[in-house]
Amino acid sequence: MTDTSDKPAPLAVVGSQISYDEELFGKVFDRWVIARFWEYMKPYKRRILLAVAGVLVFTFTQLAIPLVIRWAIDDAVANGPDARALLHSAVIVFFGIITMNYIANQVQESIVGRLAGHLLFDLRRAMYAHLQVVSLSFMDRTEVGRLMSRLQGDVYALQEFLESSIFAIGDLVLLLGIVVVLLSLDVRLGALTLSVVPILLIVRIVWLPLARKAFLRARETNSSANAALAENVHGIRAVQELGREDVNFDLFHEKAADNLDAHLAASKFTNIMIPIVDTLTGLAMAIVVVVGGGLVLDSTLDIGVMVAFLFYVQRFFDPIRSLTIQYSIMQRAMAAGHRIFEVMDVTVDIQDKPGAVDLDGSDGSVEFDHVTFGYVKDQPVLKDVSFRVENGETVAVVGPTGSGKTSAMALAHRFYDIWDGTIRVGGHDVRDVTQNSLGKHVAMVLQEPFLFTGTVFENIRYNKEGATRHDVIGAAKAVGAHDFIVDLPDGYDTELDQGAATLSLGQRQLLSFARALVADARILILDEATANVDSYTELKIQQALARLLEGRTAMVIAHRLATIRGADRIIVLQDGVVIETGNHNELMKLGGLYSRLYKMNYASFDDIPEEEIARLTKADGET
Amino acid sequence: MHSIDTKDNKRLDLNFDGRYKIDVSKVDTGVLWRISEMAFQNRWRMAVAITATLLAGIFQIFVPQFLGQAVDEAQGLLGAAGEVASRASAEEALLTTALLLIGASTLRGFCTMMQNYQGEAVGQIIGYDLRMAYYRQLQRLSLSWHDKVHSGDLMTRGILDIEGVRLWVDTGILRFILLMTLLTGGAITLLQIDVVLGLLSLSFAPIVGLTASIARLKLRDTWLALQEELSSLTKVMEENLGGIRVVRAFASQAFELVRYDVISARALAMSHRRIALFVKSTTSMTFVYFCSMGLVLWVGGEKAMDGEITLGQLAECLAFMTILQMPVRQIGWMINSIARASTCGGRLFNVLDLEPSIADAPDAKPLEITEGVVRFENVDFAYPAVARDHRTLTGINLEIRPGKTVGIVGPPGSGKSTIAQLIARYYDITSGRITIDGQDVRDVTLESLRHEVSIVQQQPFLFTASVDHNVAYGDPWAGRSGIERSAAAAQLHNYIKKLPTGYGTLVGERGVSLSGGQRQRLSIARGVLVDSTVLIFDDSTAAVDAATEQRIRGAIQEIVKERAVVIIAHRLSSLMHADEIVFLDDGQIVERGSHDELLALGGRYRALYDLQSSDDAEEGA
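Residue numbers (the numbering used here), protein chains in the order written: chain A, 38 to 660; chain B, 100 to 720.
Keep in mind that the hints were calculated from the coordinates and are not lab data.
Virtual Cβ for every residue (Gly too), placed ideally from N, Cα, C.
Please note that the accuracy of each hint is not assured.
[Unchecked claim] One-sided and incomplete, this derived list gives chain A residues near chain B with beta-carbon spacing under 10 Å: (1) Val51; (2) Pro118; (3) Ile134; (4) Gln169; (5) Ala228; (6) Ser232; (7) Ser261; (8) Leu266; (9) Asp469; (10) Gly543.
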C-alpha cells in the first residue's frame, strides 16, 4: 500500500460513478405489486393452499404440545399412581401429535421451499424472456449490471417474501393461539402476562426507523464495494498495465472498511433487541411465578396451568420477532416487485401484426421510402430518406460519425419502428412480416464481433441448429478462418471464454463472418470494423467479405476504401439526409462531399474531425 | 488486516481451470479449519464471544431450574395451605425465584447480545479480510489467467462465496458452542436429578448428530453443484444481455431461451434437491427431539407418580427440553451453513492460493533508471504449454534507447505484441536476458518495472467514470493541465471540450459512446500522461486514420522526447519514421534497419511496402 498522506488527493475513484437512487423499502402492502405477483402464484394455487394447511396443522400441534403436557401433569401425575392409565393416554396423544407435527412440518417446509424455487425461476424466466423482445432503445439505455441485479437480487427478494409470508401465517396463528389459550386457561393471569406485549411493541416502533437507516447504509456500502470489485475484474488489463493496483487497492480499502463499519453499526441495532426481549420474557415469567404461584397457593389455579403458562411465555416472543422481521421483508419485496414489474411492463413496441406473413426469401431487395426516424422526440436522425437496393446489389453506406448510417441499417432489420415512411424488404413492408422470418432473411454482422462462451463450433453454428459440422467447417474455410481454428488446442471444439480474449481481433472478425455465412440469409447488413488490421489479415478479410457477399444483397457501412470502391453503389449520408448516390467514379466526377473526403485520404470517414467536415460542407455550400 | 496464509503446495495460476472440485470421499475439514483459524485471529473478540456464549448457555440452563423451583414452591405448600407463616415464606420464596428469573433472563439476553454481536463482527471482519485479499489477488494474478477465467465466475466468488463463508462464522461456530454448552449443562443438571430421565432427555443428541453429519456431506455436494449451475446461468444471462444486438440480428431469441431453459431447469432441479435434503434432515431431527420429550413425559410421569422425583423436577426436565427446541431446529440451518461455507471457502481459497506465474523475485529491488535503455540479449521465448499459444520468439537482440523509436512490423502471429508483453514482464522468457539500464527485468520489482513501461492498448477499457478520470487512470495526480495536454496531444481535446460537461462527461457503458478511433486516442492520452521511461504503442492507432495519426505523432514528440518508444503497427506509415525498424517473422527478426535501408534491401519489408502503397496508388487514381 502506498502512503498517500503526503500527496494531494488523487483524481481517482473505483466503481461506477453512476449512482442509483433506488428505493430499498417500499410500502408494506402494495396492491399493484401483490396483484401482479399473484399472476405468477396462480398456477400454484392448490399447492399454496396445501402449504397453508400444513402451516396451520403445524402451528396447531406446536400449540397443543404444552397443553398435552399440562394435561399429563395436572390430571395424571398430580393425582398420583391412580391416574397411571390417564398418563398413558396422554403420552399416546403426545406421540400422535408429534407425528402430525412431523408430517405437517415436512409438508410445509418442502412445499414452501419448492414453491418459492419455482416462483423464483418463473419470474426470472418471464423477465428474461421479456428482455428478449423489449425494444432495443430500452436496452440501449440500461446497463447490463442493472438488469442483472433485477434478474437476481430483486427476484430473490420476492422469493424470500413468498417463503416468509406463508410462515408468517403460522406465526400469526401461533400468536393468536397462545393469546387464546392463555386467556382461556386463566383470564386474570393471562391478561397480566400479556401486559408486557405493548411494551415490546412500543420499543419496536421507536427502534424500527433508526435500525432501518443503519441497514440501508450497510446495503448501500455493500453494493458500492461490489461495484468496485466488478471494475477490478472487468478492467484488470488497464489496472495492471497502468499500474493502478495500489491506488485502487487503497480506494477499495476505504469502501470495504466503510462497509464493515456500516455492518457493525447495523449489527448493534439487530442485537440490542435481544436483551430487551429477554428481559421482558423474564418479566412475564416472573409475573406468572409470583401471581400464578400466589393463585396456586390460594388453590384458585391448578399447578399444571402454571406450568403451561411458563411454557407458553417462553415461546411467546418468537412469533412477534418473526413478524417484525416479516414487516421489513414485505417492504423490501414491494420495492423489488416494483422494479421487476416495471421492467416487465416496458412496452414491446415491435410486435408481429396479426396476420403477419413470413418472408419467403426469394426477393432480396431493400427499399427506404421517405423514411423519417429518430430516438428522441423532435430530433430525427434520418430525414425523409429514400433509396432502393436491388436484389443482389452491394451498396456501401458512407458518411461522417452521426450521419445516421448505423440507424438506417438497424431499421432494415426493424430494430426500431420508424416515424414516417415505409421500409420494404423483399417487397414487403417490414411491419407486415413476422420478425422471425425477417431475422432469417436479413443477417447482420456487427462492428465489434461478439462471441459467446462455448466452443468455436457452437459460435459459428450459433442458432442454425440444423447446420452440420460439415457446413460449419465449410463456412470457416470460405472465410479463411479454418487454418487458425485447427491450430487451436482442440480445433473446432476449443472452448472460448471471456469473449474469446485469447483470439485476435481479426480472428474474431473472421469467426463472426463465418457465423453470418452459416446463417445464409438473403440480405446481409455489415458494419465494417473501423480498426485496421494488418495487411495480411486485411487481405483475408477482404476475400472473406467477397465470399460472404456473393449472390446476396448487401448493405455495408463501409470504412475501408477497398470495400467502398468495390461496391456497386455508394450512398453518402450526412446529418440524416442522403446527399449523394452513385458509384465511385460517378461520385468522384460529381465533386461533392464524397470526393472531397476521399481526396483527403482518410482511412475511414468515421474519424474525420468535425472541423474538417464543417469546412468541407461550407465549401460545398459555396460551390 | 490479516494475511491469509498460502498453503505449501504451490499452484501456478496458469494451471487453473476455473472449477473447484471436491474430493467427495474426503471430509472437508481443511477448509473449515482454515476459516476457523481466521476467526481466531481476532483473539479478544472471539474470547468475548465464546465467554458470552458459555454464560448465555449457563444462564439459560438456570431458567428451567428456577421454574422447577417455583413449581415446587407453589405446590409444596399446597398440602399445608392455610398456615399463614408458611404462606408468607412461600410467597417470599416465589418472589425470590421471580427476581432470579428476571435476572437470569436479562443476563442471558445481554450475553446473547454480546455473543451475536461479536460473532457477527468476527464474521464481518473475516468477510472484509477475504474481500481485500481477493481484490489484491485478482490484481496479482497474471493477465493470461484473467483471459481464461470468466468474469461472472470471479464476481460470484467475490460476492456470494465470501458471503457464504462469513455467514458460517457469524452463526455456525458460536451456535455450535452454545448447543454444546446447553447439552453439557443440561446433562449435568438432569443427571443429578435422575439418571434415567437425564439420559432420556438427551437421547436425541446422538441420533441428531449422526443425521446432521450425514446430511452435511450430501448438502455440501448439492451446494457445490447448485453454485456451479447458478454461475453458468449468470454467464448465459450476462452474455445474452451484453450481446443483445447479435441475438436480435440473428433472430435467435427462441434459441437463446432454450439455452437458458436447459441450464435453468438443471439449477431448479438442484435447488429442489437441496431443499429436499434440507427438509428431510431438519424435520426428522425435530421429530427425534420430540420423541425424546415424549419419553421424558412418560417415564418422568411414572417416576413422579411413584414419588421418585418431584413434580417440579419433572417440570424442570421438560422446561429444559423446551429450551433445546430452538437450537435443535437450528442444527439444520447450521449444517446447511457449514455445507455452504465449505464449498464457498473451497472455491475462494482455490483462487487465493494460486501463485501468480509472474511475481517478484525474493530479493527484487526497485528498478533504477539511469539512462533508460532497454536491451534484448539473445532472447528466446515460448508460451507455457497451457497458455494455448504456440507463438515463440527466437534469438531476439534489440536495443531501445531513450529519445529513439523502434518500429516492429511483421505478419500476424509473428510475435510483435509478445515483445511488448515481455518488456513489461507479463511473461518470463525461456533464455537470454531483457534488461533496462543493465537490470534484468526478472530482478526488479514488478511495480517499479510496470511504472516505467507503459503500453498503449489497441482496445482500451473505458471505466464508467468521467473523461478526466479515464485519461488520468495511470497517473491520478497528473492535474488538470497534464490531462488536457495529453488529451490535446492525442487530438482529443477539441472533441472533449465540445461535450456538454467537457472533461466531466461520463464515458463507459452508460456514458457517451465514443467511436473506435476516439477510444484509441483516449488510450494514447492515458499512455503519454504516465511519466514512464519506455512507451509502447501496441497497434494503438489502428482505428485512427493516417492523417490524425500524423498529427498525434507531431504533438506527442515534445512529450515523449526523452523516452524510449516502441511502435508496433501493421500500417507502415505508422512506423516508417522510426530510427530502427525490425521485421519479425515467425518469432525471428528477419530484417532490420531504417525505412530507407529496408526499402533498398528489397526484401520482405519492401514487399509489404509495395503492397500497401499499391493500395494508395490505386486510391489516388
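Status of each hint after checking the structure:
The beta carbon of A:Val51 comes within 9 Å of a beta carbon in chain B, closer than 10 Å, and the hint placing it at the interface holds. Because the closest C-beta pair between A:Pro118 and chain B is about 5 Å apart, less than 10 Å, the hint holds. Interface restraint check: A:Ile134 against chain B, minimum CB-CB distance 9 Å, threshold 10 Å, status holds. The beta carbon of A:Gln169 is positioned within 10 Å of a beta carbon in chain B (closest approach about 4 Å), and the interface hint is therefore held.
A hinted interface residue such as A:Ala228 counts as satisfied when its beta carbon comes closer than 10 Å to some beta carbon of chain B; here the least separation is about 18 Å, so the hint is violated. Interface restraint check: A:Ser232 against chain B, minimum CB-CB distance 15 Å, threshold 10 Å, status violated. About 12 Å separates the beta-carbon of A:Ser261 from the nearest beta-carbon of chain B, more than 10 Å, and the hint is not met. Taking 10 Å as the C-beta cut-off, the interface hint given for A:Leu266 holds, the closest approach to chain B being about 5 Å.
Taking 10 Å as the C-beta contact cut-off toward chain B, the hint placing A:Asp469 at the interface is violated, the least distance being around 16 Å. Interface restraint check for A:Gly543: the shortest CB-CB distance to chain B comes to about 6 Å, inside 10 Å, so the restraint holds.
Hint compliance for this structure: hints 5, 6, 7 and 9 are not met, and every other hint is.
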